[in-house]
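Protein chains: 2
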Amino acid sequence: MDFNSEVKNKAADIEEILKKYLPKEEGYQKTVIEAMNYSVLSGGKRLRPMLMQETYRLFGGEDDIVEYYMTALEMIHTYSLVHDDLPCMDNDEYRRGRKTTHAVYGPGIATLAGDALLNYAAEVVAMAISNAKEPEKAAEAMKVLFGKSGVFGMIGGQTADVISEDKPCEDITEELLMYIHKNKTAALIEAAMMIGGILAGANDITVRTLEKIAYNVGIAFQIQDDILDVTSTFEQLGKPIGSDERNHKVTYVSLHGLAEAASEVERLSEEAITLLHTLPGENVFLEELLKSLIDRKN
Amino acid sequence: MDFNSEVKNKAADIEEILKKYLPKEEGYQKTVIEAMNYSVLSGGKRLRPMLMQETYRLFGGEDDIVEYYMTALEMIHTYSLVHDDLPCMDNDEYRRGRKTTHAVYGPGIATLAGDALLNYAAEVVAMAISNAKEPEKAAEAMKVLFGKSGVFGMIGGQTADVISEDKPCEDITEELLMYIHKNKTAALIEAAMMIGGILAGANDITVRTLEKIAYNVGIAFQIQDDILDVTSTFEQLGKPIGSDERNHKVTYVSLHGLAEAASEVERLSEEAITLLHTLPGENVFLEELLKSLIDRKN
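These protein sequence lines map, in sequence, to chains A and B. Just so you know, my numbering puts 54 at position 54 of the first sequence, and the rest follows in order with no gaps. Just so you know, my numbering puts 58 at position 58 of the second sequence, and the rest follows in order with no gaps.
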């Protein structure tokens, strides 16, 4: 099977796992559950749960426990998009080629659906911990998950991003931009690979290496996103292009230009692969997946 | 010491616990942490953590572990208020006599501060589980906490509440109203007492009794809230009165009238006290606290 088909198959398998854990659309809370499901089952690439699963396999992990964390992480990623798209945030009407959650359900229900997804992530992790054969690893994975998604992780990055939008461009330093990328984008990718390692029994030093690999991948992924915002089309990307320029947004591309941005993506990706090769075990698919992030078109 | 002074002292002690766990206001994420702290340290009554602590003591609990859950629960309660006050939800400018979080920090940062508080609750619980002498109890407490705050608990109730606002009054059935009260208001009070019991080693049947007591208290609390919205003043309540009528909101009071509402509060409270007396152990303060909910003026 070629790589792209394998990615598609794995994403479809992950979608089945997500469906298994999503709540049933019933009762007086039906509307918010519909909005949760609409948000999660929106044709995402499932990059984060896929990275978690493949990292888990790299270290020989074979238990179902990883499914809980894959699901929780994708729910957290999804809620962050739902809230980010709200009228009081980025006010985006489209994502991945279809209407955003608030555009369909209204901002009130979209706010609640985001809250419900973050809360449900904690519920799913609670199940994981109760059913874990090794509760310490499960608890450690929980710490990493909510640490990376919280105020010293993803939410911190989103905050800095929101605040920087009101600042004149010349006040956005390289340091601030990298803080935003590290936390808003890389943090959940770090969580993905670290949790894959932790659950499979990787030691602390190895988990730190995974964090570094994921950091590189995350930053590369974000810079690639900014490149695509300039060079892609609505059809390829599934959302309006040129939004960064319209919003006077400082990006790696606006600071350094397209060519330097493209070579930074390549450098980060190569460093990630070099670090991956220092790890015991082999996972050809994981390596191809990391590499594919350089070349992605959407 | 009289009861009111004791309540004040205990609330002050809980405030110190909350401060211990709240994140430091530093770094690029400083603004959202300020908004989190502003939201949490807003002179709330600390009823939920107080009920948890007193229930824990009722069953002889003496460990610090309860502090993590008291903090997490108050953070969850607080985030729900912050999001509830947003322009896309209730659009309230005042709460407890001071500006709401979005009125001070804007709706974008208020959305993120709410998210950060819910996420931080999970971080605090992760610490609790890692440090627990009895991890199974800690995990069970986590399940109850996020179950009661989630889509089949508080968020479910909020959803039904939001949706019912768009319905003609005659479509709001007693059943729907009680669903909203049970989930939007009672669920976190149930979590408070159940977790106090679980952490102190109460058995399943006792935890169910605690849930029933808390349900009664929660519904009584909500009906009392609706009564005060009609009979109180801005000064007493710290927020505008008459908002339910202005918003054409169906409440227990609008369905049954003030007198029947008041007697229902009394009935529920008495049933709660009767159930409390069936439990082993004694906690005079807890009994007074539950009773005080009948007579509260704000």
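Worth flagging that the hints you see were computed from the coordinates, not collected in a lab. Hints are not guaranteed to be accurate.
Copies of the same chain look alike in the list, so a pair counts if it works inside one copy or between any two.
No farther apart than 20 Å at their CA atoms in a straight line, the calculated lysine to aspartate or glutamate pairs in the DMTMM-like style are these [as the list claims (entries may be wrong)]: (1) Lys291 / Glu264; (2) Lys19 / Glu170; (3) Lys182 / Glu26; (4) Lys19 / Glu34; (5) Lys167 / Glu26; (6) Lys20 / Glu211.
Computed from a predicted model, the values in this text were never measured in an experiment.
Original post:
Which numbered hints does this structure break?
Top reply: Hints 2 and 6 contradicted; others consistent.
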